[in-house]
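K.L.:
Sequence:
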Amino acid sequence: MAKKFDAVELLVKKGMITQDQVERAKQEVKRTGLTIENALERLGFITENDIANVKAQALGVPFMDLSSYIIDSALIKLVPEKLAKRFKAVPLFKIGSSLTVAMTDPKDIIALDELRKVSKMDNIEPVLASEKGIQRIFDSYYGVAGSIDEIVKSLDKDLGKDTVVARKDMLKEAAEEAPVIKLVNVMILEAVKDRASDIHIEPEEAILRVRYRIDGILHEVNTLPKKLHRAIASRIKILSQLDIAESRKPQDGRIRLRIEDRDLDIRVSTFPTIHGENIVMRLLDKSSVLLGLNDLGLAKNELVEFEKLIKRPNGIILVTGPTGCGKTTTLYAALTTINSMDKNIITIEDPVEYELPLIRQTSINPKAGITFANGLRSILRQDPDVIMVGEIRDKDTVEISIQAALTGHMVLSTLHTSDAPSALTRLVDMGVEPFLISSSIIGVVAQRLVRKICEKCKEKYAPSDVLLKDLGIQEKVSFYRGKGCNKCKNAGYSGRIGIYEFFEVHEDIKRLVNSKVSVDDVRKKAIELGMRTLRDDGLEKVKQGITTADEVLRVTEVEE
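Numbering of the sequence shown is given in the working numbering, commencing with residue 1 and proceeding in unit increments.
Honestly, the hints are just simulated from the structure, not real lab data. Possibly wrong hints are sitting among the right ones.
Stated by the list, open to error - Here are the simulated lysine-lysine pairs, PhoX-like style, with alpha carbons at most 25 Å apart:
1) Lys132 with Lys14
2) Lys487 with Lys469
3) Lys85 with Lys30
4) Lys311 with Lys300
5) Lys26 with Lys14
6) Lys82 with Lys311
7) Lys77 with Lys193
8) Lys120 with Lys227
9) Lys510 with Lys487
10) Lys300 with Lys525
11) Lys227 with Lys249
12) Lys311 with Lys343
13) Lys94 with Lys82
14) Lys460 with Lys489
15) Lys117 with Lys107
16) Lys193 with Lys487
17) Lys458 with Lys469
Stated by the list, open to error - Ranges between beta-carbon positions, derived for each pair:
18) Arg554 with Glu455: 14 to 24 Å
19) Asp465 with Lys367: 53 to 63 Å
20) Ser464 with Glu540: 16 to 26 Å
21) Ala74 with Ile207: 26 to 36 Å
22) Gln403 with Glu131: 34 to 44 Å
Remember, it's a predicted structure, so these values are computed and weren't measured experimentally. Glycine included, C-beta positions come from ideal geometry on N, C-alpha and C.
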């Protein structure tokens with residue numbers, strides 16, 4: 001370990017504290033018996049993470065802030081509690097046969113040898129963490145059983161009673177109980193392992209229901225005692241910096257966590273109901289969103305045409321579909337494809353879901369006067385080549401987007417319509433002149449997400465004649481389905497893929513739009529020109545054994 005005053009000297013050299021503050025801290029040392037570092041922290045001159053950070057630099061090891069870190073409980077078992085506390089060391093994540101361990105003294109050779117032996121790993125990669133960070137992991141993970149059911153049993157029987165009005169300090173105290181911290185951590189960790197996009201915490205009269213949305217479908221995963229509701233809600237509010245005493249108004253917040261070696265962004269929404277606050281947490285895994293266009297599921301010929309469109313110098317490309325169908329993912333994939341040092345790409349979103357390198361991104365903020373329309377006006381003064389508008393919601397936004405396209409900019413945006421041809425007539429309904437639409441829109445993609453068949457339990461079967469007739473398939477074909485297994489939790493599905501309806505706005509389509517014909521006429525002409533409908537693309541993926549007929553019918557039967 002570095003000498004006692006090494007960290008202090010480094011802090012002074014870096015200008016993080018002054019020599020006068022060091023002298024004041026020395027007086028505090030004499031008065032209280034604290035270490036110089038703790039005295040500096042107590043006086044408010046630095047934080048414990050400041051000290052740990054400069055120590056890490058002095059020792060030449062990475063620093064890890066554990067204040068928002070979630071660890072797989074299976075990893076905790078690799079280092080027994082007694083050993084972890086002896087060496088002030090906790091496992092963080094495993095890559096192959098290498099285990100990364102956070103320690104207060106990453107140069108302790110004896111500790112590293114012991115950790116290697118007990119964990120049975122070939123290599124221990126030490127990082128430095130503060131003592132408070134290490135203690136937080138001890139409090140949250142050690143000494144408490146691993147499953148949600150076991151954690152619930154360990155909680156005090158009187159915790160979170162709804163029969164009394166809890167004071168703010170009582171709520172905070174309950175939320176910081178180690179079992180409550182552990183319970184919320186495990187809830188989030190299990191959701192990530194199950195590939196959930198959302199966690200729903202739903203209070204009812206006698207129970208607290210927990211559901212995960214996996215591959216677009218909600219699944220109940222647990223029912224907890226109702227008395228835990230206040231403590232769980234308060235813990236989530238503390239993490240997302242919301243008012244723990246306010247339960248009568250909706251609140252929105254954000255949590256940033258690290259789970260193993262991945263960054264997780266969680267959007268938190270609370271909503272008052274007759275049985276208490278309903279909480280929904282949307283999980284955004286930054287490591288999994290940046291798909292390439294090849295990964296989306298577009299057919300080869302459509303992929304080629306779509307790439308040609310997004311590389312054009314100007315025009316508007318729209319991606320349409322309901323909320324949660326992957327429109328933003330498609331736009332991000334397009335931006336990633338055309339992103340380069342010679343292009344200025346700017347986005348305005350609601351909100352920014354994932355940060356993209358080299359791209360200027362901003363969120364709308366109506367309170368500050370930043371709407372899609374106002375933000376877009378300002379973006380046009382930033383010399384952009386490509387603009388992404390999160391959503392076209394009103395006439396102002398679409399008219400400014402059209403102006404941008406007609407003055408040499410590429411604009412990508414989304415619209416809520418049931419299919420691709422409806423996008424053009426929807427803009428007419430919003431009051432936009434048809435000739436402006438036909439002269440600026442160059443392509444439209446409609447999409448839905450369908451669940452993919454689990455590869456582990458996939459089986460072939462012969463569909464019934466009735467099903468083939470419903471699907472409009474004349475020939476005898478074999479379909480596939482998932483039987484259900486441990487990997488997919490008996491759902492038969494694992495993961496999702498898009499089905500698409502893509503068409504380029506050719507001259508024939510432009511003439512129809514200018515003539516103000518019905519959407520049916522536009523759709524008919526688009527099909528004549530080679531557009532495959534959502535149903536057609538879905539059935540092709542059914543024949544390829546990617547998804548099931550039931551899935552395609554589920555997401556297309558209303559629109560077709």
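K.L.:
Hint by hint, note whether the structure agrees.
P.N.:
Going down the list of hints, with the structure as the test:
no.	hint	result
1	Lys132 with Lys14	holds (23 Å)
2	Lys487 with Lys469	violated (33 Å)
3	Lys85 with Lys30	violated (29 Å)
4	Lys311 with Lys300	holds (17 Å)
5	Lys26 with Lys14	holds (19 Å)
6	Lys82 with Lys311	violated (59 Å)
7	Lys77 with Lys193	holds (18 Å)
8	Lys120 with Lys227	violated (41 Å)
9	Lys510 with Lys487	violated (49 Å)
10	Lys300 with Lys525	holds (22 Å)
11	Lys227 with Lys249	holds (21 Å)
12	Lys311 with Lys343	holds (11 Å)
13	Lys94 with Lys82	holds (21 Å)
14	Lys460 with Lys489	holds (20 Å)
15	Lys117 with Lys107	holds (17 Å)
16	Lys193 with Lys487	holds (11 Å)
17	Lys458 with Lys469	holds (24 Å)
18	Arg554 with Glu455: 14 to 24 Å	holds (21 Å)
19	Asp465 with Lys367: 53 to 63 Å	holds (59 Å)
20	Ser464 with Glu540: 16 to 26 Å	holds (20 Å)
21	Ala74 with Ile207: 26 to 36 Å	holds (28 Å)
22	Gln403 with Glu131: 34 to 44 Å	violated (58 Å)
Checked against the numbered hints above, the structure breaks hints 2, 3, 6, 8, 9 and 22 and satisfies the rest.
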